[in-house]
Every structure is written in structure tokens, then in C-alpha cells.
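There are 2 protein chains.
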Amino acid sequence: MKGFAYLLFAVVALTGVVAYMAHASAHSDAEADPIFGIKIPPGYRDWKLISVAHEEGNLNDLRALLGNDVAIKAYRAGKLPFPDGTIIARLAWSYVPSEENNKVFGRSQSFVAGAATNVQFMVKDSRKYAATGGWGFAQFKDGKPDPAAALKTCFPCHDPVKARDFVFTRYAP
Amino acid sequence: MKGFAYLLFAVVALTGVVAYMAHASAHSDAEADPIFGIKIPPGYRDWKLISVAHEEGNLNDLRALLGNDVAIKAYRAGKLPFPDGTIIARLAWSYVPSEENNKVFGRSQSFVAGAATNVQFMVKDSRKYAATGGWGFAQFKDGKPDPAAALKTCFPCHDPVKARDFVFTRYAP
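Which chain is which? The protein sequence lines are A and B, in order.
So in my numbering the end of the first sequence lands on 181, straight run, no missing numbers.
So in my numbering the end of the second sequence lands on 181, straight run, no missing numbers.
Hints in this document: simulated from the structure, not taken from any laboratory.
Hints may be right or wrong, so weigh each one.
Claimed, not checked - The list that follows gives simulated cross-link-like pairs (lysine-lysine, DSS-like), each with its CA atoms no further than 27 Å apart:
id, chain 1, residue 1, chain 2, residue 2
1, A, Lys56, B, Lys149
2, B, Lys170, A, Lys111
3, A, Lys56, B, Lys47
4, B, Lys81, A, Lys47
5, A, Lys136, A, Lys152
What the hints assert, rightly or not - FRET-style restraints, in silico, Cβ to Cβ:
id, chain 1, residue 1, chain 2, residue 2, range
6, B, Ala157, A, Lys111, 21 to 31 Å
7, B, Asp54, A, Gly93, 17 to 27 Å
8, B, Pro91, A, Asp77, 22 to 32 Å
9, A, Pro49, B, Lys170, 36 to 46 Å
All of these numbers come straight from a predicted model, not from anything done at the bench.
All residues carry an ideal CB built from backbone N, CA and C; glycine is no exception.
Between the sequences and the hints, there should be enough to build the whole structure, so can you do that?
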């Protein structure tokens, strides 16, 4: 009986481990990005709005910038640099003409958000990301992080707005 | 002396009334709109994002749709009609080319939110607003509600999307 008791214990324990792993996996939305180790922050779609924008050209999207509470507080206070813990999310959707809206307006003028294209994050950690102005960068498509080569282009591109702590977007009143 | 005491009492009482009115005015963000009695809902700028859009033509804006918790819950559940208590806010800003962003992209492609133009609200109350599909409509410029004549155009314009409970905007994933 002693052997059976051990076996039973082992099966119960293993079941627990498997259940835990399944649970953990269901709760980690994405892999970490390969340079900065950033994962998709849980609940970012619920964050408050910073501003909106439209990019033409290859991007051809409509975009919204959302901020976690640290980011929104800093934006509204107008204080730079952004404190550690700031996360700015950039969501983007394909730029789609709305025939439904155009009919109502009586002319072609309305563009709405189509399918999601990708989502980017800037995470402030002045020690961890000291080499890139205190910011870590990440981009995810369908939950998958972009490769290292793509991420290496983030910081040089943000460098021209160093005076605004490397952040392009201004808060929309 | 009795006359003076009355006068003093009257002055003190009047001062109290004036102070109260000043206080009340500072705490009510806006007048109510003249048809539906809607005031600017406190804290709407903190609401969650529904979607974004761009209108060309006379409007020439970038816009964001935000929803209170009732609205967001209904959108995400994909259930129609929207329940009573739903409020949808439409914020809009002038459509401004960003020279700063264009320099970084190396071409003219970037448009950002400029000054706020106006803010609109749809408020669901199926009894109170039974005559207009269960929705009350309001638009505010610089905190001032639009006149009745303007508001009378809201419902007819939303009628073509009756099948979606008179709401144009779809939730952006």
C-alpha cells in the first residue's frame, strides 16, 4: 500500500503542476520582446486615452495612444521626464473608408478603424533601459513580439524628440 | 440698532448665497443641453476607448469614441440594444499635419490631434428618450451646449443605423 500511496501522491502533485502551468500560460498574453524583455501588459486596452493620430503611406493606419495611470498622471501634470513605471501603448488599426458613414454625410469623408495591425509599448525604467534613454520598446503583431532587428530601430527614431523625453505624442485636451 | 442688525443679517445671508452660487457654478462643468437635458458627464475624459476615426470635409478632425463602463461592457459583449445608463462620448480635435513626425519618417504622412473642436454624448434612457430611439443627444463647444436647432438633426442622422441601436461606431479590437 505504501507504494500505491506514493504513486497517488505523485499523480496528484503532477496534476497540480500541469493545472498550474495551463493557468499560467492562459494568463501570460504573449512572449517577451527579444531585446527589452517586455511582455504585453495585462489590461492595457482599458487604459486612458492620451491622443489619436493618422499615418498615411505604408502604415496607412488610425492609431490611439493609451497610458497606464503613471503615464496619464505625468502627461496631465506636464512634467518631464516621465517617471519609472510609465507605460505608453500605441494601438493601430487599418485605415478603412466607411461607406455607411459616407452615405449619411452625403459625401466620401469618413474613415474608421479596421482590423488591428500591431501594438507598441514604451516602458520607462531609467536603470534597466539606461542605454536607450530610460525606455524599453516593444511591438507585437497578433500577440507575437517583433524580432530584435526591428526593435533596434526604435530608439534612434525617438532620439529627435529627446527634449520631450523621447515621446512623440502630446496629450490631447 | 434693530434695523442695522437686519441689514447685517441680510448682507451675511446674501454673501452666503453668492458664495454658494459661485461654488455650484465651479462644480457643474456645463449647462444642460436644451432638448435632452444632458450635462457633460464628470470624468468622461477618463473613460475607456471604443474606437477612433477621421472625418475629412468641413469637419476635418481626428476623433475618439469613449464609453462609460456600461457602454464598454455592452460593446465587448456584443449585445444590442445598449442598456439604460450607457453613455458614449465622441471627442474630436482638429486634424493637424505633424512636421516633427514627418521629418522622422522622411515624408509627409503624419497627422495628429490639434485643438479640441467639440464633444458629443449619446445617453441611453429608453423611457426618457423613447421618442428618439431611447437615446438623448448633446454637443458641447468649450463647455457650452449647442442650441436646440442643431440637436434636432442628431436623431434623423442616426436613424440609418437603427439595426445597431442607432450607434455608428463599432468597437476597435
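Exercise. So which of those numbered hints doesn't the model satisfy?
Worked result: Nothing - there is no hint that the structure violates, so all of them hold.
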